[in-house]
Structure formats: structure tokens, C-alpha cells
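Trainee: Fit chain B to the known structure of chain A by using the hints.
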Amino acid sequence: MNEPQYGWWLPPNVSVSGDEVDNLLNIIHWFMLVLFVGWSIFIVYCLVRFRQRPGHVAIYEPIKAAFSKWLEVGVGVAEVVVLIALAMPAWAAIKNINSQTPTDPLIVRVVAEQFKWLFHYPGRDGEFGRTGAEFFSDDNPAGLDPDDDVGVDDITVRGLHIPVGRPVIVRLNSKDVIHSFKIPVMRLTQDVVPGMEIAVWMQAKDTGKFQVGCAQLCGIGHYEMKADFVIESPKDFQKWLDEEHAYLGLDDE
Amino acid sequence: MDKRPILVAACLVVLLPAMGGSEDVKPWDPALGTATITGSVKFEGKKPRMRPIDMAGADEKCAELHGGKRLKPETVVVNDNGTLRNVFVWVKKGVEGWSFPLPEGNALLNQKGCWYLPHVQGMRKGQSLAVRTSDPTAHNVHGYAKVNRPFNRSQPPGAADIMIQMRRDEAGPPMKVKCDIHPWMNAFVAVVDHPYFAVTGPDGSFELANLPPGTYTIEVWHEKYDVMEQTVTIADNESQTLEFTYPKKK
Numbered sequence: 001m002n003e004p005q006y007g008w009w010l011p012p013n014v015s016v017s018g019d020e021v022d023n024l025l026n027i028i029h030w031f032m033l034v035l036f037v038g039w040s041i042f043i044v045y046c047l048v049r050f051r052q053r054p055g056h057v058a059i060y061e062p063i064k065a066a067f068s069k070w071l072e073v074g075v076g077v078a079e080v081v082v083l084i085a086l087a088m089p090a091w092a093a094i095k096n097i098n099s100q101t102p103t104d105p106l107i108v109r110v111v112a113e114q115f116k117w118l119f120h121y122p123g124r125d126g127e128f129g130r131t132g133a134e135f136f137s138d139d140n141p142a143g144l145d146p147d148d149d150v151g152v153d154d155i156t157v158r159g160l161h162i163p164v165g166r167p168v169i170v171r172l173n174s175k176d177v178i179h180s181f182k183i184p185v186m187r188l189t190q191d192v193v194p195g196m197e198i199a200v201w202m203q204a205k206d207t208g209k210f211q212v213g214c215a216q217l218c219g220i221g222h223y224e225m226k227a228d229f230v231i232e233s234p235k236d237f238q239k240w241l242d243e244e245h246a247y248l249g250l251d252d253e
Numbered sequence: 001m002d003k004r005p006i007l008v009a010a011c012l013v014v015l016l017p018a019m020g021g022s023e024d025v026k027p028w029d030p031a032l033g034t035a036t037i038t039g040s041v042k043f044e045g046k047k048p049r050m051r052p053i054d055m056a057g058a059d060e061k062c063a064e065l066h067g068g069k070r071l072k073p074e075t076v077v078v079n080d081n082g083t084l085r086n087v088f089v090w091v092k093k094g095v096e097g098w099s100f101p102l103p104e105g106n107a108l109l110n111q112k113g114c115w116y117l118p119h120v121q122g123m124r125k126g127q128s129l130a131v132r133t134s135d136p137t138a139h140n141v142h143g144y145a146k147v148n149r150p151f152n153r154s155q156p157p158g159a160a161d162i163m164i165q166m167r168r169d170e171a172g173p174p175m176k177v178k179c180d181i182h183p184w185m186n187a188f189v190a191v192v193d194h195p196y197f198a199v200t201g202p203d204g205s206f207e208l209a210n211l212p213p214g215t216y217t218i219e220v221w222h223e224k225y226d227v228m229e230q231t232v233t234i235a236d237n238e239s240q241t242l243e244f245t246y247p248k249k250k
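Quick mapping for you: the protein sequence lines, in order, are chains A and B.
Under our numbering, the letters of the first sequence match residues 1 to 253, in that order.
Under our numbering, the letters of the second sequence match residues 1 to 250, in that order.
One or more of the hints may lead you astray.
Below, in silico cross-link-like pairs of lysine-lysine (PhoX-like), each with a Cα-Cα straight-line distance of 20 Å or less [stated by the list, open to error]:
(1) A:Lys175 - B:Lys42
(2) A:Lys175 - B:Lys176
(3) A:Lys239 - B:Lys176
Listed below are several chain B residues computed to face chain A (Cβ distance under 7 Å; list not exhaustive) [said to hold, decoys possible]:
(4) Val25
(5) Met50
(6) Ala58
(7) Gly67
(8) Gly68
(9) Arg70
(10) Thr75
(11) Asn140
(12) Asp180
(13) Pro195
Derived from the structure by calculation, the hints contain no laboratory data.
Every value quoted in this text rests on a predicted model; they were computed, and no experiment measured them.
The beta-carbon is built from N, C-alpha and C at its ideal position, and this holds for glycine as well.
So here's chain A without its partners, still in its complex pose (with noise of 0.2 Å):
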């Protein structure tokens, strides 16, 4: 996997909707590294200046003054504002994205176990098997049943490819723990919760190659699970679910 070297900011964003949360997350950051820098010399500041020495004595009665009472009342409304100034954004923001409706999506569903991640395309007939609980084994790890025939040329592989531009809808399940299914350059997270299946989507700007790592520790094995992430041209996307269509076998038969 030739997933890139972040360095010391934000990793490459190639999705649509990535940039408003870039924003958020610099605003937040720089706004922070301004409250922390301006916090920390004032503690600076009154340790040197309320030293203890001779001739000081310390007092433990509250100062009654009036300009430090509206001080601290002006502090604290100032971060309430600021708080609700970054919060209302960022949940409009994740409320705007959630609930528009993509047009012509490709539907993913993927399924988590430890430690891997196992991606479900329907076949040619662009519809997917049935699947079940019952019917996980080692040799069917996408959970198919093996007496329906719409499942057969579905494709299950431990790599997530996309087309570029086009809305892509994955169906997170988990067989066994809570994962968090989370491709950065994506700036997707969603928790992938067993028995329940959550969907998300998302569109990607950029070819590329990444990776989909999981953001919840899970077990022994949890940094191991990751899996190849393929943004690629409508054409040579088509070209990979040929490929893979081919390693079925069922033109053979």
C-alpha cells in the first residue's frame, strides 16, 4: 500500500464535501493555538509577578473589584459565543451533507471483522445476494446465502474501489466488535456498530491510491486492519469489475 506521507498537517483531501471540514478543523486549531499561547503567558505571568517574597503575603479573600467581576463575566460569555459559533457550523454542515440524497450511487457494503475489511459489490446483474448472519463461515466471509443465485457473481474483495465523481453509498456491518471504518483523505469516520447497518456516503474528487483504516481499537490485531482504498476513472473502474468478474470463474462453467 502506497498510502502518502501526511507530514505535519492535514493529509490530502479528496472528497467533495472535505473541504468545509478541513475549514472547521483549522479554524478550531488555530483558534485553540491562540487561546493556548495567550493562557499560557498569563500563567507565566502570575507566577513570576505573585512569587512568594519577603514583605507579600497572600490573600484568600475573592477580589471584590468591580472591573475583574465584568472580566470574568466577559470571558465567559465571549467562549460561550465562540463555542456556539464553531458548533452550529459544524452540525448544519453534517446535517446539510446527511441529508441530501446522492443521485445514481454505487452501492458498497462492507463488512468488518477482526481485522479486516471485506467490501461487497453486486455482480453484473447489479443486485446483491441474499446474506445473513447465519450463514458466515471462513470460506463466506461476505455472510452469502450459497442457494441463491442472484449472490453468485457478486463480488467480495478486501479492497475498496471507487469511480471518481460519482456518489458512492457503503453499508457498514461488523460480524463481531465495534470498528470505526475511516479513510482519511476522505475525512470520513463512522462507527460500525454489530447487528445494526449503518449507511454513509461519499464522492470522491481525486484519483488515488489510500487507505481505509479502522478508528476504533478492536482487538489484538486492530493496526493491521486496513485495507487498499482505489479511487480510480469511471473507465478503469469498470475495467477492475471486469477483471474481478473474470477471477469468478463463471464464464468457465
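Mentor: Using the frame of chain A, we list chain B on its own:
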């Protein structure tokens, strides 16, 4: 009269045979082993479809070792002659009276190409299972033993063999071994207290040779189709043929 010595003696008479348990096990005499059981395991019906495994998306190093070729799970391998591979065959009952010498060396479970070799094997109780890695990528060997002690050990490339002592019989069913890093990797190891076991290969046949004359329960086990057994009585210098057919008739 002091009756205590009599009581102690009575207790000993009752308890000793129960405590000993093995006083009627004799060392094995190879001159007795003249009988042979051979046979084959057939497969009838529709072969289940085994999906080719994409290793590349999970670990490119694994895929490179196979040069782009995709393996299929070894869960159900039906041979060209209609027999079933990877069936463990063993004498379940009939040789309890003997204690057999242990063969030298260990049983070997090799990890090569992110694949366990062999998929199914038998070994003797008291031997060690040497788990070897021949791969340039890390593995995590997870033994789901139910009778013996379970184990879960990580093995980076180039690491020494992991030695697992198998102290107890574990053949019904055999122990499952999995890799926690490569979920498609699995193998089965059966632990038996005697040398009469076999695994069916590319021709689906088995041979249990050098048996003493007697009556035996022969069990066959398959990871998907479970167990079946037959009882056979065999005389000196005799050879008998058994045939099993999977899947079981319901």
C-alpha cells in the same frame, strides 16, 4: 483388636485400581501389527461454490507470493475422481490397550504464501506442533483448542518456530487454527494418542496400516460436513476396505 489396618487395606483395594487407571495398558509390540484398513471418502451431490480469495486488498505481500493467481478456500475440495480431500480419518475406538512409542520430531504447520500447509493434519499426543512462518509478512497464530490449552501468538517475518505442546487428545473435533491478520487462513490439527490416523489427499483414499487384529470404530471428520463412523472387525494379516460418502444422508 485394632481394626484400622484392615480398613486401610480395604480402602487401598477399592481405590488403587481407580487411581492407577493405566495398569492394563501394554507397550506396543510391532509384531502384532499385521492388519490394514484402507478406504476412500466419496462426495455426492452439488459441489458448493468456493469464492476466489482477494489477498491483495488486505496485504499486498501475500498476493505477490502468488503472482496474481487467486486461491480458493480449501473448505470443500472435491477431487477429479469424485472423492473428498482433507478428511481426517482415525481409529476412534479399539486400540486403548496399547501405548505406542512417539515418533521423533514435531508436527509442522507452515505458513507459506499467507496460507497454512497442510490444511488438515494429525499428530500424536505428546508431540509439539511447530508453527513456522516462511512469509515476508507478519502472522498471528490463533489456536482455538477446546481440550488442549488455546494459544494466540504473533509471529513476525523471520521469527523462530512457535512450539506448541499438545498434551491431550483432541480429534473429535480437531483443533482449529486461524490467523488473526489474514482472515482467510485456517487449518485443522487433530491430536491422537496412537499412530492410526490419516488425511485424504488428491485421490481421496486413506490407509491405516500395521493394526493389530481387533474390532475398531473408524471415524471420519470433515470441517464442513462433520463426522461419520463405521465399525469394522479385522483378523490377522487381513485387509479391509471401507467407503464413506459425504454429505451425510439425513
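Trainee: Are Lys175 (chain A) and Lys176 (chain B) close enough, with their CA atoms no more than 20 Å apart?
Mentor: holds, 19 Å
Trainee: Taking the least C-beta to C-beta distance, is Thr75 (chain B) closer than 7 Å to chain A?
Mentor: At about 4 Å, which falls below the 7 Å cut-off, the nearest Cβ of chain A leaves the hint on Thr75 (chain B) intact, so it holds.
Trainee: Checking hints one by one. Is Asn140 (chain B) an interface residue toward chain A, by the C-beta closer than 7 Å rule?
Mentor: holds, 6 Å
Trainee: Quick check on the hint: Arg70 (chain B) CB to chain A CB, less than 7 Å?
Mentor: holds, 6 Å
Trainee: Given Asp180 (chain B) as an interface hint, is its Cβ closer than 7 Å to any Cβ of chain A?
Mentor: Where the cut-off is 7 Å and the nearest Cβ of chain A is about 4 Å from Asp180 (chain B), the hint holds.
Trainee: Verify the interface restraint on Ala58 (chain B): the C-beta must sit less than 7 Å from at least one C-beta of chain A.
Mentor: Holds, about 4 Å.
Trainee: Does Val25 (chain B) hold up as a contact with chain A if the rule is Cβ-Cβ below 7 Å?
Mentor: violated, 38 Å
Trainee: So if I understand the rule, the pair passes when the alpha-carbon distance is 20 Å or less; does Lys175 (chain A) with Lys42 (chain B) pass?
Mentor: violated, 34 Å
Trainee: With a cut-off of 7 Å, does the beta carbon of Gly67 (chain B) approach a beta carbon of chain A closely enough for the hint to hold?
Mentor: This hint is violated: Gly67 (chain B) lies away from chain A, its Cβ roughly 14 Å from the closest one there, beyond 7 Å.
Trainee: Hey, does the Pro195 (chain B) contact hint survive, CB to chain A under 7 Å?
Mentor: Cβ of Pro195 (chain B) sits 29 Å from chain A, so the hint is violated.
Trainee: Hint validation: Met50 (chain B) versus chain A, beta carbon distance must be below 7 Å. Holds or violated?
Mentor: For Met50 (chain B), the interface hint holds, since the closest Cβ of chain A sits about 6 Å away, which is under 7 Å.
Trainee: Take the shortest C-beta to C-beta distance between Gly68 (chain B) and chain A; is it under 7 Å?
Mentor: violated, 10 Å
Hint compliance for this structure: hints 1, 3, 4, 7, 8, 13 are broken, all remaining hints hold.
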